[in-house]
Amino acid sequence: MAKNFSTPSAETSTMSITTRHFGVIQVRPDQVILLEPGLLGFGQYHRYILIEHQRESPFLWLQCLDNPDLAFVVTDPLCLLPEYRPPQLARVIEEMKPESPEDMKILVILTIPPGRPQEMTANLMGPVVIDLKRRRGRQIVVEDPRYSHKYRVLPEKV
Amino acid sequence: MLILTRKIGEGLFIGDDIRITILEVRGKQIRLGIEAPANVVVLREEIYRRIQEENLQAAEARGVDVTQLAKLWKRE
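Protein sequences, first through last, are from chains L and R. The numbering used here puts the first residue of the first sequence at 1, with every later residue one more than the last. The numbering used here puts the first residue of the second sequence at 1001, with every later residue one more than the last.
No lab work stands behind these hints, which were simulated from the structure alone. Be aware that a few hints might be false.
Unchecked claim - Just some of the chain L residues that point at chain R, by a computed CB distance under 10 Å: (1) Gly43; (2) Tyr84; (3) Pro86; (4) Pro87; (5) Leu89; (6) Pro101; (7) Met104; (8) Arg116.
Each residue gets a CB set at the ideal place from its N, CA and C atoms; glycine is no exception.
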């Protein structure tokens, strides 16, 4: 785990990591988000950062720090489904006891088949809830027939 | 695999803080009570596998595709 990090410099204590998607990036400790438990299937990794994709892009990258080759494309589910409001979500947010409701960021993970972006799906069943203030989050599982793990975002043909 | 036989009302511990109790047996169905810390994920196997598999597929996303999607998004 630690081998992916260079020695933090004394003044800034930023970490320098070499990622698959972004090359070498500098990470400040206050940017790190701890996912506990980790994402299902990646339970051994806990430290992530959010990276904006581009200006005016609805996407963010959830870049893993414990495995720099690992990154997920995520987005605000309300961009896809304005009425997305699974009941479990409210309960989990309450359990996480944020200082303010505005600190809570809900994201859904997108599956983009390589070379076939049109077939992108959103995992509405496994949203990631992050307390941006405390920098902690988790993936929750929503068992609600309205919310598929493979919600087709774009129509079959444009 | 460890195999144990339990009666209704009996339970077992996994480590110090996960407790499973057999609540009811109805024909082929068994109701289990599970007490576990909040940081332990407890899911039905099929649900666990579905989300896990989706996360594994999502990890394959490529930057070029995301950029293409962002362009598409802006146009719509």
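Each hint tested on the structure:
| no. | hint | verdict |
| --- | --- | --- |
| 1 | Gly43 | holds (8 Å) |
| 2 | Tyr84 | violated (17 Å) |
| 3 | Pro86 | violated (14 Å) |
| 4 | Pro87 | violated (16 Å) |
| 5 | Leu89 | violated (15 Å) |
| 6 | Pro101 | violated (20 Å) |
| 7 | Met104 | violated (16 Å) |
| 8 | Arg116 | holds (8 Å) |
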